[in-house]
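Each chain, letter by letter, is given below.
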Amino acid sequence: MEITSIAPWILLLPFLMFIFLGLTAHKFSGQTSAKIGTTAFGIVAILCYYVAGRYFFGNFSVLDANGFEVFNKTGEIYNQITVFNWTWMQMTENLTIHIGFYLDPISAMMLVVIATVSLMVHIYSYGYMFEHGHFDEGMSRYYAVLSLFSFAMLGLVLATNIFQMYIFWELVGVSSFLLIGYYFFKPAAVSACKKAFIVTRFADMFFLIGILILSYHTQTFDFDQLNADNAKHVLDSFSITDGSRGITFLGFPLITIATFCIFLGGAGKSAMFPFHIWLPDAMEGPTPSSALIHAATMVVAGVFLVARLFPVYSFAAPEVLNAICYIGAFTALFAAIIAVAQTDIKRVLAFSTISQIAYMMVALGVARFGNHESELGFTASMMHLFTHAMFKAMLFLCCGCIIHCVESNEMSKMGGLKKYMPITYWCFLIGCLAIAGIPIFSGFYSKGEILTACLENGYTAIYVVMTLTAGLTAFYMFRLFFHIFHYEENPEYATSHHKPHDQGWQMTLPLIVFAVLTVGFVFLPGFNNAITATRTYMEMPTNWTVEGISIAVALLGIAIAFFLYYKKNEKPANIMAKCPALCEFVYNRMKIDEIWYGITRSFIFGVICKSIAWFDHNCIDGFMNLCAWITQKVSLETKDAQSGNVQQYVWVFIMGVVTIAFLALY
Amino acid sequence: MIPVQFYLVISTLLFFIGVFGFISRKNLIGLLMSIELILNAVNINFVAFNRYLFPNQIEGYIYSLFIIVVAAAETAVAIAIIMNVYRRMGNETVKSIKELKN
Chain A
2 MEITSIAPWI LLLPFLMFIF LGLTAHKFSG QTSAKIGTTA FGIVAILCYY VAGRYFFGNF
62 SVLDANGFEV FNKTGEIYNQ ITVFNWTWMQ MTENLTIHIG FYLDPISAMM LVVIATVSLM
122 VHIYSYGYMF EHGHFDEGMS RYYAVLSLFS FAMLGLVLAT NIFQMYIFWE LVGVSSFLLI
182 GYYFFKPAAV SACKKAFIVT RFADMFFLIG ILILSYHTQT FDFDQLNADN AKHVLDSFSI
242 TDGSRGITFL GFPLITIATF CIFLGGAGKS AMFPFHIWLP DAMEGPTPSS ALIHAATMVV
302 AGVFLVARLF PVYSFAAPEV LNAICYIGAF TALFAAIIAV AQTDIKRVLA FSTISQIAYM
362 MVALGVARFG NHESELGFTA SMMHLFTHAM FKAMLFLCCG CIIHCVESNE MSKMGGLKKY
422 MPITYWCFLI GCLAIAGIPI FSGFYSKGEI LTACLENGYT AIYVVMTLTA GLTAFYMFRL
482 FFHIFHYEEN PEYATSHHKP HDQGWQMTLP LIVFAVLTVG FVFLPGFNNA ITATRTYMEM
542 PTNWTVEGIS IAVALLGIAI AFFLYYKKNE KPANIMAKCP ALCEFVYNRM KIDEIWYGIT
602 RSFIFGVICK SIAWFDHNCI DGFMNLCAWI TQKVSLETKD AQSGNVQQYV WVFIMGVVTI
662 AFLALY
Chain B
100 MIPVQFYLVI STLLFFIGVF GFISRKNLIG LLMSIELILN AVNINFVAFN RYLFPNQIEG
160 YIYSLFIIVV AAAETAVAIA IIMNVYRRMG NETVKSIKEL KN
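Those protein sequence lines, which keep their order, are chains A and B.
Mapping the first sequence onto the working numbering, position 416 (from 1) lands on 417, and the numbers just tick up by one.
Mapping the second sequence onto the working numbering, position 17 (from 1) lands on 116, and the numbers just tick up by one.
Hint data in this document are derived by calculation from the structure and do not stem from the laboratory.
There may be inaccurate statements among the hints.
What the hints assert, rightly or not - Below, computed lysine to any residue pairings styled on SDA-like, alpha-carbon distance capped at 25 Å: (1) Lys419/A / Ile561/A; (2) Lys125/B / Gly657/A; (3) Lys125/B / Val659/A.
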């Protein structure tokens with residue numbers, strides 16, 4: 002099959018499914034919609050695998066805009082291919098917006114990630130939405146929105162230009178909003194979906210500003226042109242040379258402002274500090290959708306964005322990459338500390354997601370074009386994106402199984418579940434080992450490379466912070482694990498006629514698939530063959546000191562968690578009793594939400610909104626009232642002319658005719 | 100042949116008598132008669148100009164015939180309205196039909 006003939010269907014099929022399922026939601030039962038949606042996405046997934054497989058291992062060519070044949074590989078270098086590029090909106094001669102399909106190693110890798118996670122979530126949701134012997138009423142709606150999300154996410158990663166990316170960026174935001182607010186009768190879900198939408202939208206405003214500055218100067222949206230020849234076009238447009246930073250604005254180089262604004266958009270979606278506040282609340286949505294959107298795919302959009310524009314960042318704005326890695330390191334540590342104190346199992350995973358995405362950001366931040374050592378961060382980041390998507394989706398899906406049985410998110414309601422749910426237990430354990438960075442499991446390789454990249458590029462402080470975070474990660478994940486599966490069995494289980502148990506095959510199959518991918522990651526073809534900054538084979542250094550320290554720290558974290566939480570004891574309570582204020586502070590997420598609320602109330606509502614409201618009431622309404630008042634006065638004065646006396650009208654008419662005739666003649 | 104000015108003088112006089120009557124009469128029947136005068140003034144003009152300017156054509160005659168027919172119909176309707184006004188108000192002066200105003 003030709004790539005050009007399959008490629009459009011990867012985008013069209015999920016979109017058509019969204020429209021179809023959305024329009025037929027009232028006709029079909031939930032199961033029917035689910036089966037149709039899953040089958041259709043199965044086809045999309047096969048197409049994605051086929052395209053990605055052909056790209057990485059096969060050999061094919063497509064015609065570019067000038068009619069030249071472009072192969073997927075020239076020698077050992079993977080090319081960036083535009084499979085198709087439709088004109089969507091032709092604004093002016095120079096300003097055209099395209100919708101296209103862009104294949105390069107990272108977008109091909111994202112195809113695999115999205116196809117796998119989304120398909121597994123489609124299957125899993127079928128079991129998850131079946132509760133107490135009946136299906137959820139909104140299931141058709143749920144599957145329609147899942148299709149919309151898959152469409153938007155695929156469009157985002159395959160974007161040929163930054164504007165297409167922005168459009169799909171907003172679409173994933175909308176579908177995330179719809180899925181968080183899926184249980185719209187729960188006030189918490191409603192406020193969570195509004196919060197997620199407003200916070201990410203606020204960050205997207207910066208993204209748009211960044212796009213506008215960048216494309217105003219470069220006169221193009223195309224990634225191809227922006228990234229080509231070491232971002233030469235960008236350097237020229239902003240007149241950046243070796244000695245000067247180019248055009249400035251308010252004393253800052255304009256390119257720095259533009260690229261930093263674009264990063265802020267990514268920070269909003271990827272929940273970097275201080276925009277992280279929406280992600281923990283987003284856990285109000287159905288758990289499978291959290292696994293898909295808020296763990297594996299949408300939240301890495303920010304990382305993907307920076308990776309997509311990596312040549313621009315690396316050559317034109319290395320100082321922004323520095324900022325990214327410091328923000329990332331702070332977020333990683335900060336989120337890991339908060340995760341330690343959370344009691345809601347999904348919240349723990351949410352903070353762990355924030356922390357792990359920050360790892361990817363850090364890895365990108367320390368990377369630069371140049372040599373193998375400096376480019377390592379890019380590959381490490383993409384590897385971590387892949388491994389994290391798999392094991393975090395699995396952890397979330399395990400949580401879904403547990404919540405399904407226990408019907409609560411609180412750790413205190415769990416404990417001793419090991420003997421009731423063996424499959425979930427083993428999968429969860431594999432996920433925890435992977436995220437902690439224990440050898441054999443996928444997380445070890447990607448995290449090790451990230452730490453190596455930090456150290457080898459001279460970011461020693463960041464390396465120390467990230468290693469510390471790795472230890473904290475191991476600790477809070479195993480705290481969660483022991484709390485759920487060991488600790489003390491909840492006495493209700495034994496007496497309840499609704500004993501916890503492993504779920505049906507729809508829910509266990511995805512867990513097993515992800516577990517296999519997490520354990521078998523070593524057997525996958527090496528990421529360093531293609532997914533590198535230069536898109537060609539790269540030697541991956543293994544620094545055994547770094548690896549050894551990270552394993553030791555992880556084992557230490559696990560040991561402390563084992564010591565404190567394996568069996569019920571008083572030690573955790575005793576430790577917490579020593580510093581109740583600190584525990585309370587961390588449990589309340591370090592009050593960042595309150596600070597945002599304070600800023601919103603006092604500054605946005607108090608200053609901006611109030612003054613605008615005053616202007617509206619007094620100036621705009623005043624002008625309108627004046628118009629109305631004048632009209633009323635004039636009509637009151639002139640209404641006597643309509644007397645009802647026919648002879649008077651005729652008299653006026655004749656005088657009018659005489660006047661006009663007089664004026665016309667002289 | 101009588102010059103066209105003679106006809107025009109007659110029709111002008113007739114027209115202004117009609118207008119004056121329309122403005123000054125109090126009686127609705129009087130108003131109706133004034134309108135007839137105005138229409139007849141127009142008819143005279145049509146016929147006269149047709150005779151002097153285009154003797155071989157008959158459009159002017161046709162128009163005046165048409166106006167006579169329309170005037171007859173209009174008079175019939177107007178008389179009906181005036182009779183209704185009289186039944187309702189008890190008189191047929193112009194002042195009495197101001198009620199539509201409110």
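Restraint check for Lys419/A with Ile561/A, where alpha carbons must lie at most 25 Å apart: holds (20 Å)
Holds or violated: Lys125/B to Gly657/A, with C-alpha atoms at most 25 Å apart: holds (23 Å)
25 Å Cα cutoff - pair Lys125/B, Val659/A: Given that 25 Å is the threshold and the Cα spacing comes to 24 Å, the pair holds.
Of the hints listed earlier, there is not a single one the structure fails to meet.
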